[in-house]
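2 protein chains.
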Amino acid sequence: MSDMSEQMSKGGMSRRDFLKMSAVAGVGLAVGGAGMYAIERALGSDSTAQAESNPAGEQVPMYGDHQAGIITPQQTYMYLASFRITATSKDGLIRLLKDWTRFADLSTSGGTMRTGDNPNLPPSDTGESLDLPPSRLTATFGFGPSLFGVGGTDRFGIGSKLPMHLKDIPRMPKDNLDPSQSGGDIIVQVCADDQQVAFHAVRNFIRLSTGSASLNWMNEGFISGQPGKTARNLFGFKDGTANESHQTPSGFDQVVWAADDEPAWMNGGSYLAFRKIRMLLEVWDRSSLTDQQNTFGRYKESGAAYGKKEEFDTVDASQLPATAHVRLAKDSKQQIHRRAFSYTDGVDHRTGNVNAGLLFLSYQRDPDTQFVPMLKLMQSSDKLNEYTMHVASGMYACPGGIREGEYIGQKLFES
Amino acid sequence: MSDMSEQMSKGGMSRRDFLKMSAVAGVGLAVGGAGMYAIERALGSDSTAQAESNPAGEQVPMYGDHQAGIITPQQTYMYLASFRITATSKDGLIRLLKDWTRFADLSTSGGTMRTGDNPNLPPSDTGESLDLPPSRLTATFGFGPSLFGVGGTDRFGIGSKLPMHLKDIPRMPKDNLDPSQSGGDIIVQVCADDQQVAFHAVRNFIRLSTGSASLNWMNEGFISGQPGKTARNLFGFKDGTANESHQTPSGFDQVVWAADDEPAWMNGGSYLAFRKIRMLLEVWDRSSLTDQQNTFGRYKESGAAYGKKEEFDTVDASQLPATAHVRLAKDSKQQIHRRAFSYTDGVDHRTGNVNAGLLFLSYQRDPDTQFVPMLKLMQSSDKLNEYTMHVASGMYACPGGIREGEYIGQKLFES
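In order, the protein sequences belong to chains V and W. Taking UniProt numbering, the leading residue of the first sequence gets 1, the next gets one more, and so forth. Taking UniProt numbering, the leading residue of the second sequence gets 1, the next gets one more, and so forth.
In short, the hints are calculated from the structure, not lab data. Owing to the predicted nature of the structure, the values given are computational and were not obtained by experimental measurement. Accuracy of the hints is not assured; some may be wrong.
If chains are identical, the list can't say which one is meant, so a pair holds when it fits in one copy or spans any two.
Stated by the list, open to error - SDA-like mimics (lysine to any residue), calculated; alpha carbons at most 20 Å apart, straight line:
id	residue 1	residue 2
1	308	119
2	229	193
3	333	177
4	167	177
5	309	117
6	161	331
7	309	119
8	98	124
9	309	330
10	330	246
11	90	155
12	383	122
13	174	152
14	383	119
15	174	250
16	330	166
17	98	350
18	330	73
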């Protein structure tokens, strides 16, 4: 254990003190310019600080106009946990959100809760990340339709604040969904560059929910860790190249952040669409390179679209097969902000094949005009359908960011 | 795609050329002194090069007296895959081992197979690691008792070469084993610091086994990525501190490498014991700090044994509770070389709890005197049993290392 964490646990050091010491001592690791900047911004309580500006640093500030973990450059690991709220009152739900906010603040800033003063009580923190740096940890929260009483009763008196586009993704012709792996009242997307740091956070969110919520399902995903390069999916293709085109403040406004006519609590928020897409690796691996490339409309090695030389050359849809994945995405004329992770999950014992695929996540301003039409077009025509199966689904409204002292979603419950 | 991999795929660059270019160009990443050294050793065909000496570098040489991945400092990720051999002849099994060796050589040295000259055929490589460095990838192979005909017929004519201590781990009183998740004819332990690199390798081992073997089960695990520090398990305790004590050549000889009176193919080999240990996180998290510390006999934060100040201070067993995990390990007077990884696997739908725990792996010279007595003592007395459940088990004989041009286990089949 480092002197710092020893001091923290003995002296009950605050997050702010911890950050200051970390900035000076480097928490035993190299904190580069961007990292120092992020720490300074966090110390300065710059509540408009954006999470996306710290790709190289170790800490992603959680306060600002938007939640962290949406336009933050993708970390290497993700846990995605879906909760059913069992608290029966608005106050009970607010207590949970406050506990979660407090823990998110502490863990994303590299502190942990204290192991415990009273040895006769359980430690306040589970401890597996005691020696580990923040590792760009982010926690992003979204509310499902059921939280607002859609398809049920308005348990928390927030039905009138239902955002304009929040509803389950419509059933698609090729869906093969497992309802027990879909939806949920609240989703938490936890990401970090260290899997143990990410697990520590999601585990403690689960722990803090005892008595207020139960865990529906949890997925874990990864991407390859090469900064600045488009990661390859498990079919070996670069996936998400089009994300580059809207990575500007005005691009994010057009693509990601909710519109002004939404309920006020969605100001700075976004919609998260989730699809768990099983990829039939064994079928894919037996198909020819030509078939594989026709399926995407890109060359496998370079990632360039058909008829182009480089990955980021502008796609000319007319040069792509009519059923190519990239052509359909282009034809839909819509943009989304993709934040997908691969998953692997042992052996499917019915077939003996590897159970693996894509945890597809995208954030968008308006799923009705962006995500859903794209999904429909792809389900009807995409050659990729031969090699994939959609097994879980969810849509969530992610509230705007908060300032220090506020709790996640506060404006939904209190204004 | 980098120029280098383009050149490699166009020109059919050899592994050796690829290594040379990597050493010069740095493969787009910083190759430190140790990395260069490793590459030089690989280029020099120093067949006695040991895998363990390159903790900071990107490449772990696969050739030498011992297989890599045994005393190699632990990488961040592991896939553990168990195969049932369906090939019915010794020649068929040898063909599989040759294919695996060829792929292990190429992938651990940072090359991949070529995507393919003939676009009408499936690509020879699945491609998801095309842009990624070797990431300290290792592949370690072990043979289960069933490969030698134990409990069945001697399918491959190698029954007379059964190593002295190769048999299933005896049934323990508290076992709760799932046979479909245990054992296997051949085990492959694939480790890397990048999960996608590790998955790419295990997936291609599976792919290359088509027609010769079927996949029984596959587990994936991780440890936190802080080099030089003892990783914490999911109970928040430092686990594996005792491993430090035998990290010398003579220590490894005493603890890890098979004895001289074993069949010749086990020269430089070792026995791998595997236990999948479910950890009941929710029960643990509700127990007091005192209970938790008594269970291990160590302080949670510092990792020091009871009565000591620092993690690596010599343990005084008399100061530890009689049922403490560390005391029992000490009392057994045996050493093993631990190489364990944590796992998380979503939600257990019977209980709503998180499905997580430890993929316990240890390598040892003689499991009958080292591992099994320790396991027996712990199953009868260890306080940790209240919080854990052993759900899978396996014992494998890992053959000694090979020289370039040989295939894995060659001495077993050909001498």
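Have a look at residue 330 and residue 166 and pick one of within, between, both or neither, based on CA distance no larger than 20 Å.
neither (25 Å within a copy, 58 Å between copies)
Is it within, between, both or neither when you check residue 333 against residue 177 at 20 Å Cα-Cα?
neither (27 Å within a copy, 53 Å between copies)
Go through the copies and call it for residue 174 and residue 152: within, between, both or neither, with a Cα cutoff of 20 Å.
Result: close neither inside a copy nor across copies, 27 Å intra and 45 Å inter.
Checking an output row: residue 167 and residue 177, CA cutoff 20 Å. Within, between, both or neither?
within (16 Å within a copy, 43 Å between copies)
Given identical chains, is residue 161 near residue 331, meaning Cα to Cα at most 20 Å, within a copy, between copies, both, or neither?
Close neither inside one copy (34 Å) nor across copies (63 Å); limit 20 Å.
Same-copy or cross-copy closeness of residue 98 to residue 350 [CA-CA at most 20 Å]
neither (43 Å within a copy, 29 Å between copies)
Homomeric proximity label, residue 309 with residue 119: Cα distance no greater than 20 Å
between (64 Å within a copy, 18 Å between copies)
Could you figure out if residue 330 and residue 73 sit no more than 20 Å apart (CA to CA) within one copy, between two copies, both or neither?
neither (23 Å within a copy, 46 Å between copies)
Is it within a copy, between copies, both, or neither that the alpha carbon of residue 309 lies no farther than 20 Å from that of residue 330?
within (18 Å within a copy, 63 Å between copies)
Up to 20 Å CA-CA - residue 124 versus residue 98, copy category
within (16 Å within a copy, 53 Å between copies)
Up to 20 Å CA-CA - residue 122 versus residue 383, copy category
between (53 Å within a copy, 17 Å between copies)
I want to check one pair: residue 309 and residue 117. Are their C-alpha atoms no more than 20 Å apart within a copy, between two copies, both, or neither?
Between copies only: 18 Å across chains, 62 Å inside a chain, cut-off 20 Å.
This entry does not satisfy hints 3, 6, 13, 15, 16, 17, 18, going by the numbered hints stated previously.
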